[in-house]
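**Student:** Each chain is listed here by its residues.
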Amino acid sequence: MDWIYQIICSFLATLGLAAVFQAPRKALVSCGLVGVLGWMVYYILTLQQVDAVPASFFGSFAVAIAAHMLARWYKMPMIVFSVAGIIPFVPGGMAYEAMRAIVGYEYILSLQYATRTGIITGSIVMGFVTAEVLANAVNRVRSARI
Amino acid sequence: MSSPQNQRLEIECFLLAGKLLMQSGAETFRVEDTMRRMAISQGYTDAVSYATATGVFFSAGHDTPTRIVHVTSRSFHLDKISRINDISRKLTSHQLTVEEAYEALLRIEASGQAVRPAMQIFFAAMASGSFVLLFQGGLNDIPVAVFAGGFGYIFLLLVQQATKIKFFAEFISSLVIGCTAAAAVHFGLGIETDKIIISAVMPLVPGVAITNALRDLIAGHMVSGVSKGIEAFLTALCIGSGIAVALSFM
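Protein chains in written order, with this note's numbering: chain A, 229 to 374; chain B, 5 to 254.
Don't take each hint at face value.
Claimed, not checked - Heads up, simulated DSS-like pairs for lysine-lysine below, C-alpha to C-alpha not over 25 Å straight-line:
1) A/Lys-254 x B/Lys-94
2) A/Lys-303 x A/Lys-254
3) A/Lys-303 x B/Lys-94
Everything labelled a hint here was simulated from the structure, so no lab data went into it.
Go ahead and model the full structure; you've got the sequences and the hints to work with.
**Tutor:** Put into structure tokens, the structure is as follows:
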């Protein structure tokens, strides 16, 4: 049952945010599906006791690869599909904890949360960059063959 | 290459494309790349474009003046990015003339939002509700999160329209979300304040802005990366202090 909830919720959350970011209407459902893919990769990895940093890396890598493929399919820029897809595992919760710690005068704790937020954000970005490097390499091989 | 009058229109067209892209939240490399491709397709082989988060520069060559446009506001508008991309692709493959492309860009500039404000509020509320389960919250907290998220987004739009200060709108919006969540839990409608607040605040959180800033930095666009990063950081600070003020009432 939990799985069904996770799939439905990640779909609705990503689709909702894609709409808030004013994505083209015909791309909305695909945006939601990209979000489900990224979240499932992240969720399964965290269930296997993988740390949030590598899990975010693989999640955003999956999102970026899917976004590249959809971008080619729809002839739209890749950013349309990738933007909302990463939202579910952006460490907003941890940034919030950092803020709460500051309000509670626990500055050392807040620094811990903030550093971790930074590292997770970095791993999300590296997932994107890795996917982009891969996509460029594939393009180069393809155009060389033709 | 053409008459001075045409040349002016062409440069105006490239600049408008760059400005609209930057305003809609496109990556810096896409802004520069699109402008250069459009220029090269019209015969400006040594054109240079340089984009930062707050301004776009374009130089067509030695004999023409270099132009600058000011980018004053940035918010995500993926539909516009996609449409501009379409126009630039048609222009570079000569399916459109410069005049037609410029007209189309002007239409995009004048066009409103792809998703109406009422629908945006609905979608923001729906996303807020969905995040509760993704963050391992209970089913009982979903209605409160939906309400808080929608209510917060309404305030975001209203304050933004009234004051035109994005950061202030974000502060008020997260303050409203924090108070709504705290009040709901106080009156026994919700259970976990933290989960409700995080979920409801997600449509405002600059996660994507921070990621984009880092991507710009890694791609070597230091100026835009830093300025976008500061903008995202300020947004996070405004949201955080809104929540902090709300929590201090508890």
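**Student:** Could you check the structure against the hints above and give me the numbers of any it violates, in ascending order?
**Tutor:** Result: no hint breaks.
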